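Chains A and B supply the protein sequences, listed in that same order. This note's numbering puts the first residue of the first sequence at 959, with every later residue one more than the last. This note's numbering puts the first residue of the second sequence at 959, with every later residue one more than the last.
Treat the hints loosely; a few may be bogus.
The list treats identical chains as one, so a pair stands whether inside a single copy or across any two.
[What the hints assert, rightly or not] Below, a list of computed lysine-lysine pairs in the DSSO-like style, where the Cα atoms sit at most 30 Å apart:
hint: 1; residue 1: Lys1055; residue 2: Lys1108
hint: 2; residue 1: Lys984; residue 2: Lys971
hint: 3; residue 1: Lys1189; residue 2: Lys1135
hint: 4; residue 1: Lys1147; residue 2: Lys971
hint: 5; residue 1: Lys1147; residue 2: Lys1021
hint: 6; residue 1: Lys979; residue 2: Lys1039
hint: 7; residue 1: Lys1021; residue 2: Lys1039
hint: 8; residue 1: Lys1001; residue 2: Lys1189
hint: 9; residue 1: Lys1108; residue 2: Lys1189
hint: 10; residue 1: Lys1039; residue 2: Lys974
hint: 11; residue 1: Lys1189; residue 2: Lys1055
hint: 12; residue 1: Lys1135; residue 2: Lys974
hint: 13; residue 1: Lys1021; residue 2: Lys1189
These are computed hints drawn from the structure, not numbers from a lab. Only a predicted model underlies this, so the values are computations on that prediction, with no experimental measurement involved.
What follows is each chain in one-letter form.
There are 2 protein chains.
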Amino acid sequence: MKEIGSLKNPLIKEMKKLQQKKYRDKTGSYLLEGFHLVQEAHKAGITFSAVFVSQRGLQEWDKWFTAELPEMTLVSDDILKSLASQPTPQGIIAVAKTTEETTIDYRGAWLLLDNVQDPGNVGTLIRTADAAGFSGVVLGDGSADLYNPKTLRSTQGSLYHLSVVSQNLMTVMADFKETGLIIGTALDKQAKDYRTVTPPENFALVLGNEGQGVSEEVLGQVDVTTYIEMKGQAESLNVAIAGGILMFHLINQA
Amino acid sequence: MKEIGSLKNPLIKEMKKLQQKKYRDKTGSYLLEGFHLVQEAHKAGITFSAVFVSQRGLQEWDKWFTAELPEMTLVSDDILKSLASQPTPQGIIAVAKTTEETTIDYRGAWLLLDNVQDPGNVGTLIRTADAAGFSGVVLGDGSADLYNPKTLRSTQGSLYHLSVVSQNLMTVMADFKETGLIIGTALDKQAKDYRTVTPPENFALVLGNEGQGVSEEVLGQVDVTTYIEMKGQAESLNVAIAGGILMFHLINQA
Chain A
959 MKEIGSLKNP
969 LIKEMKKLQQ
979 KKYRDKTGSY
989 LLEGFHLVQE
999 AHKAGITFSA
1009 VFVSQRGLQE
1019 WDKWFTAELP
1029 EMTLVSDDIL
1039 KSLASQPTPQ
1049 GIIAVAKTTE
1059 ETTIDYRGAW
1069 LLLDNVQDPG
1079 NVGTLIRTAD
1089 AAGFSGVVLG
1099 DGSADLYNPK
1109 TLRSTQGSLY
1119 HLSVVSQNLM
1129 TVMADFKETG
1139 LIIGTALDKQ
1149 AKDYRTVTPP
1159 ENFALVLGNE
1169 GQGVSEEVLG
1179 QVDVTTYIEM
1189 KGQAESLNVA
1199 IAGGILMFHL
1209 INQA
Chain B
959 MKEIGSLKNP
969 LIKEMKKLQQ
979 KKYRDKTGSY
989 LLEGFHLVQE
999 AHKAGITFSA
1009 VFVSQRGLQE
1019 WDKWFTAELP
1029 EMTLVSDDIL
1039 KSLASQPTPQ
1049 GIIAVAKTTE
1059 ETTIDYRGAW
1069 LLLDNVQDPG
1079 NVGTLIRTAD
1089 AAGFSGVVLG
1099 DGSADLYNPK
1109 TLRSTQGSLY
1119 HLSVVSQNLM
1129 TVMADFKETG
1139 LIIGTALDKQ
1149 AKDYRTVTPP
1159 ENFALVLGNE
1169 GQGVSEEVLG
1179 QVDVTTYIEM
1189 KGQAESLNVA
1199 IAGGILMFHL
1209 INQA
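Whole structure, please, built from the sequences with the hints as guidance.
Okay, structure coming up:
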């Protein structure tokens, strides 16, 4: 097995750049932290250009993998920490290639995120869409980057179970209009209580920004608006919670 | 208005200690960051022993409050930063007294948290319980501290809209048994699909730890176990998402 001991190693310095979106976009690569995520990616057939493990990581290896992965490199704890987003990394960080789909099949249920900015919310929504049996998630302009370490961690690996694409929502909605119903969350006069919405088999649910909700422009392309009735004094629900309630309701009715 | 300019001021040093749970427990005080939370607390009649504002905070003051709060002190940005949990605080931090209820009325719908450790999850669950119209939330042993800054922030002020108590769940459940049904999440053979559960008016929903779920001991006291059917490949739902789906379903059936 290869070994790297110095923080100044050129490969490590290069990989550290992947903490920035700019370099991820440029190279089409991203860092994947922790055994669970690396295992989920490996199961999904994602190829790694490098896999860095610490001594501690090697000790835990057997619990997760039956064989060595290609391109495995033993590194010091310092190096692992320098690549990680968390103060105490788990002992493994892989470098994976982004896999953006080019032809999208918009059948089934889709979740569309309009400017959802928090990486934890975006990741949790992808995980929840997977659990609800959605076909895919579209990350519209302004939404958190899929390959942000916090987004990846919150997905718990669900990004490898369904289609996740970054696209302009106005473009995507034009395609959706041909195949199914577009449902958006809003509090306008026409908005229906979500419990009365029965979507067809092919539908899209649009969720909006944490503070502002779905933008006017996007709402203009929506077929039905819906809301969740609140009985208490809370002013709003967290967007991932609202998404969970709506996705599980709608897919059970479709 | 009083002014404090030095980080070494004894009052500031004392208040900084409230970042630790130990001192919060000892003094019965906690730090409340940002205009929205301070306003929600003020509306709920919470008294502040101190309110620290920066120059920037003072400029924003009119948008939130019509008058000066008692005990207001102008502080430097450095001092505000030293008290805050976030790198760029909003310009206001108040010191509030904890208000633990002693006699609890266990009617209506209650959420019981068994060892839910993440402050963000606990805060979001309190916010969601408020939105769903629950009467209160019990934080069982091992659950994140209500007065942790991240918990407070995630509640969005909902802790002032319903009862939130820290109690041992075994004790609380003995009381609940006299008034209503206790529903817990589990995947045992008797567990029912949540869509088939119709609770009475008085009920409690128990949610468990992020990794382990509800403990065996607590499950032993539960009347009905329930689960959320998942159609995709995700192994589990985030506990706050599961809580949102279950709370909104159950309260609509009760």
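To see whether the hints hold, each was checked on the structure:
For the identical chains of this complex, Lys1055 and Lys1108 are intra-copy neighbours only, at 18 Å inside a copy versus 34 Å across copies, given an alpha-carbon limit of 30 Å. In this assembly of identical chains, Lys984 and Lys971 lie within 30 Å of each other by CA distance solely inside one copy; the values are 16 Å within and 47 Å between copies. For a Cα distance limit of 30 Å, the shortest separation of Lys1189 from Lys1135 across copies, 25 Å, qualifies, whereas the shortest one inside one copy, 34 Å, does not. Within a single copy, Lys1147 and Lys971 get their C-alpha atoms no closer than 55 Å, and across copies no closer than 52 Å, so neither meets the 30 Å cut-off.
With identical chains, the CA atoms of Lys1147 and Lys1021 are at most 30 Å apart between copies only, with a shortest distance of 28 Å across copies and 55 Å within one. For the identical chains of this complex, Lys979 and Lys1039 are neighbours both inside a copy (19 Å) and across copies (28 Å), given an alpha-carbon limit of 30 Å. With identical chains, the CA atoms of Lys1021 and Lys1039 are at most 30 Å apart within one copy only, with a shortest distance of 22 Å there and 43 Å across copies. Proximity of Lys1001 to Lys1189 under the C-alpha cut-off of 30 Å is restricted to the inter-copy arrangement: shortest distance 19 Å between copies versus 43 Å within a copy.
Taking identical chains as interchangeable, the C-alpha atoms of Lys1108 and Lys1189 lie at most 30 Å apart only when they sit on different chains, with a minimum of 25 Å there against 32 Å within one chain. Within a single copy, Lys1039 and Lys974 get their C-alpha atoms as close as 10 Å, and across copies as close as 29 Å, so both meet the 30 Å cut-off. Proximity of Lys1189 and Lys1055 under a CA criterion of 30 Å is satisfied inter-copy only: 28 Å between copies versus 46 Å inside one chain copy. In the homo-oligomer, the alpha carbons of Lys1135 and Lys974 never lie at most 30 Å apart, since the shortest distance is 42 Å inside one protomer and 55 Å across protomers.
Proximity of Lys1021 and Lys1189 under a CA criterion of 30 Å is satisfied inter-copy only: 27 Å between copies versus 46 Å inside one chain copy.
In summary, the structure is inconsistent with hints 4, 12 from the numbered list given earlier, while agreeing with the others.
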